[in-house]
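Undergrad: Same order as they appear, the protein sequences are chains A, B and C.
Take the first sequence: its letters are residues 1 to 752, numbered as in the working numbering.
Take the second sequence: its letters are residues 1 to 158, numbered as in the working numbering.
Take the third sequence: its letters are residues 1 to 81, numbered as in the working numbering.
If you're looking for bench data, these hints aren't it; they were derived computationally from the structure.
The beta carbon of each residue, even a glycine, is placed where N, CA and C say it ideally should be.
Hints may be right or wrong, so weigh each one.
Straight-line distance between alpha carbons at most 27 Å, and here's what the computed BS3-like set of lysine-lysine pairs gives [as the list claims (entries may be wrong)]:
1. A:Lys217 <-> A:Lys121
2. A:Lys217 <-> A:Lys274
3. A:Lys217 <-> A:Lys124
4. A:Lys144 <-> A:Lys121
5. A:Lys402 <-> A:Lys67
6. A:Lys405 <-> C:Lys28
7. A:Lys405 <-> C:Lys3
8. A:Lys425 <-> C:Lys28
9. A:Lys425 <-> A:Lys397
Pulled a few chain C residues facing chain A out of the computed Cβ check, cut under 8 Å [said to hold, decoys possible]:
10. Val2
11. Asp32
12. Glu36
13. Tyr38
14. Pro39
15. Pro43
16. Ile45
17. Ala61
18. Met78
19. Thr79
20. Gly80
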Amino acid sequence: MSFDEYHRREFRQVGRRVPRPDGVDKVTGRALYGADMTAPGMLWGAILRSPHAHARIRSIDVSEALKLDGVKAIVTGADFGEVEDESIRDIRDNCMARDKVLYDGHAVAALAASDPRVARKALKLIRVEYEVLPHVTELEDAMKPDAPVVQEGRVQETVPPGMSANVTSYCEFGHGDLEAGFAAADHIVEREFRTAATHQGYIEPHACLAAVTADGKADLWCCTQGQYMVRSVCAAIMGMEASQLRVTASEIGGGFGGKTTVFIEPVALMLSKKAGRPVKIVMSREEVFRATGPTVHSRSRIRIGMTRDGRITAAEARLYYSGGAFPCGTVEMGAQAAFACYDLQAVRSQGWNVLTNRPKEAAYRAPGAPVAIYAVESVVDELCQHFGLDPLEVRLKNAARKGTKSSYGPTFPDIGLVATLEAAKAHPHYAAPLGPNQGRGISCGFWFNFGGNTCVTLNINPDGTVSVTEGNPDIGGSRASISLMAAEELGIPYDRVRTIVADTASLGYNDVTDGSRVTFAVGLATIKAARAAIRVMCERAARIWGIDPEAVEWKDGAAVPAGPNAGKFPPMTLAEIAANSFRTGGPIAGHHEVNADGAGVSFGVHICDVEVDPETGATRVLRYTVFQDAGKAVHPDYVEGQMQGGAAQGIGWALNEEYIYGADGRLQNPGFLDYRVPVASDLPPIEPVILEIPNPGHPYGVRGVGETGIVPPLAAVSNAVSRATGVRMTELPLSPPRVLAAIRRSRATDGA
Amino acid sequence: MSRIHVATRINGDATEFLCAPEETLLDALRNRLGLTGSKEGCGTGDCGACSVVLNGRLVCSCLVLAAEAEGAEIETIEGMAEGESLHPLQRAFIDHAALQCGICTPGILIAARELLKRNPAPSDEEVRYWLAGNLCRCTGYDKIVRAVQAAAAEMREG
Amino acid sequence: MVKVLLWGSLRQATGGRTEIELDARTFKELLDRAVEAYPGLEPQIRRGVSVAINGVIYREAWFQPIPPDAEVVLMPYMTGG
């Protein structure tokens, strides 16, 4: 077993709302993010991007650009060597096109110059000859048999014959007899849904600083969710040994999954290698939108049958996702998550991934789940309306619980959905009155949560303080949570512990900060590293006392004799043991390395009130409450922050955000003016309600909390708008023109 | 390429630099003066991460030419704390967990300080509308509004 | 022998079955025996799979023991954001 099981305990440190260790740096402007680093002799990189959605690159002429004073190096796809691994090859080809450009904004060449203005000027001197090819940016078009094929030869063996070569994978999950289930229903609703691609929208554009030296060593500074992932991918693309590439993660200005891959880092390394000088690349916002990962756009067909007393008898989902120009597995996660909230006798979900001429999808918070659960929760809501049933009661009646065979296969252990639904039902929000043109929507949400590869080293310093070294960029307060867990286990005050995020040379491999894994997995490794240090400290105390190490135990931050027979000694504190450590055997540390499993699934329920202006179709969110199971909230402020932030992103997804492509295949809104993320005045206070149903797979009961919060808002908002307008909404985002058109269509139908 | 000589005052210190005619104030602050506390999130005045105060006016420094700083008084995040003593807003942001990734924080703090100078007792709605030009993607704004209100209350008691 | 539940789209590699029986005591043995018995599963196993044992999802744990009566479910290898 790679984890210690949960044991009930009284916490002294965990659960406190302590100040974060990086707080002062971040409120004073001292914290260094991706774009904030410089190096002596540094050059500025810039990237030339395709104006075409799909084209063959006939030739690239860089001669004029190279002549410009200050230009030191130019790279194209031809500079990058062969890569064996298919997924890394895709990343390489996404960072720099080879024979074809696959989407508007795809990189075709890059250069490094002494000054950013010289670099921009030189880009205009690169001559690229394109053979423009027919393109396809919408997944429905891409699935047609005669559609332009984005990439040949990418179809998995899972895809049934006879489909477009853009359909790269097929998956199916479920159990039970669907036909019998639907036959037992009193009513069946079948609907089709669409969602637009959205971007993670982190405020910090990708940025990096690469320095390759003549002996083949390299240092890379970048904003990323995982410096070890950057090292692995870049080393493979550059044909380097991982040990020769040291990657340091800067402070990170948001990621949400979008910084779990690389876009500019291999380009900067290659430019630096060619120029023999450090090269910095900072993306513009337009580049971020055009060339980094949005999430999938989707179409889905959902069919659910229900008895008149609200029991779901059968449920079926057909999901079509497009993750842009490269194959992606997001639909597999969507298909598994679609019905995870329900205890179903007959369920089937099917998924297809479709290539389109759009940027390569990158993970976005609970990837795949929000759009699938949006469609399912919309149909459940419509069934509740049909039968005049309370939507929370219906969900309680059908909720997955301990012992439920999940729609994706395994039987659930202890899970928190019923408790979460009960909390929502008991909350005053659910009973509050609504006015005219107002509606209330609810939705459940689910995410798997992951653990993964993790290393932690915990050093007991001679002065009795503790340094924790971990390898996951702190994206939302995790250093505070890790310090709290170390302090808890060691029995010392929080402010005696400082947690730092190491570079790739200082610690073993750590998976990226994703999958809601950090507080769970790094926390688990920290606790075990602390226990290892405690064992050493107990041994030292035993030797000082001249008793058997087995006769010493750790209590409240000190070694104590384990019982009356062990001898009578006063407690020896961590600080006392540390102060003598040089004389008792040397410095004291604990470390732990693990590929953690047992993360524990997480559920949430959201309640959303909206008011829709029937004249304009504009929606205003009036009240919003989030209920989520955190297992154990290590730092409640930052758990709440995850819940609130996830809700806000989901509200943006539901109401405003969308990638809009023109007939020319070009992205029409690559900026924050036209791609509108929620601003402070768009949102009401978002009330977080934390539930704590301990995760049996973590010593403190912790579950990941980062992702689940973005899952319910899509349906919660859409259900609220549907109820406010009396029209079932089936397409996101619910932008005012779309809502107005739906209202008018419904009126026209009613009048006929 | 020609350069323009600019003499200005930043956070109270007399400062001189050379810049290109089309260079933004944000680029000059970050790349010529090493004041990287102001962030570039968009370069088009939509996100507010580069907010600074120019002659008493809250501006997006990505929309101001560096040459316009000639003879001006500029206030950036680097001048908000007095030595080791944080501004009440800075303390409140830490105490109320009003930041997650922190990239928008400098701009929001500068904007919030300007709000409280003009309106020491804003309503929540006034805070939200004043900060509508500062994007935060992490927090959902709730804790930011609370932190601004907590600092405002402290400053009123002052 | 352990019963292993497969997801639906793998049945094309197992002659239409979504439950197979394998003589495996660990995650690694399960993968090896699965490919021996059903070579059509090899491309998917190479792409990556997770195994849920009694409700806990394991992603790469070769030596994770599988108790004889365990509920074992093969799942795609998954990642988060």
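Undergrad: Does A:Lys405 pair with C:Lys28 here, judged by a C-alpha cut-off of 27 Å?
TA: holds, 24 Å
Undergrad: Please verify whether A:Lys217 and A:Lys124 have alpha carbons no more than 27 Å apart.
TA: violated, 32 Å
Undergrad: Double-check C:Ile45 for me: the hint is only fine if its C-beta lies closer than 8 Å to a C-beta in chain A.
TA: Interface hint status for C:Ile45: violated (12 Å vs cutoff 8 Å).
Undergrad: Can you verify the interface hint for C:Thr79: is its Cβ closer than 8 Å to any Cβ in chain A?
TA: holds, 6 Å
Undergrad: Would the hint on C:Pro39 be counted as holding, given a Cβ-Cβ threshold of 8 Å to chain A?
TA: Violated, about 11 Å.
Undergrad: Going straight from one Cα to the other, do A:Lys405 and C:Lys3 come out at no more than 27 Å?
TA: holds, 15 Å
Undergrad: Hint check: A:Lys144 vs A:Lys121, CA-CA at most 27 Å. Holds or violated?
TA: violated, 42 Å
Undergrad: How about C:Val2: closest beta carbon in chain A under 8 Å, or not?
TA: Because about 14 Å separates C:Val2 from the closest Cβ in chain A, which is outside the 8 Å limit, the hint is violated.
Undergrad: Does A:Lys121 sit within 27 Å of A:Lys217, going by the straight-line distance between their CA atoms?
TA: Violated. A:Lys217 to A:Lys121 sits at ~31 Å, over the 27 Å cutoff.
Undergrad: Between A:Lys425 and C:Lys28, does the CA-CA distance stay at or below 27 Å?
TA: The given pair, whose Cα atoms are some 45 Å apart, is violated under the 27 Å limit.
Undergrad: Next item in the hint list is C:Pro43. Is there a CB on chain A closer than 8 Å to its CB?
TA: holds, 5 Å
Undergrad: Should the interface hint for C:Asp32 be scored as holding, given a Cβ-Cβ cut-off of 8 Å against chain A?
TA: Nearest chain A Cβ about 19 Å off; hint violated.
Checked against the numbered hints given earlier, this structure breaks hints 1, 3, 4, 5, 8, 10, 11, 12, 13, 14, 16; the rest are met.
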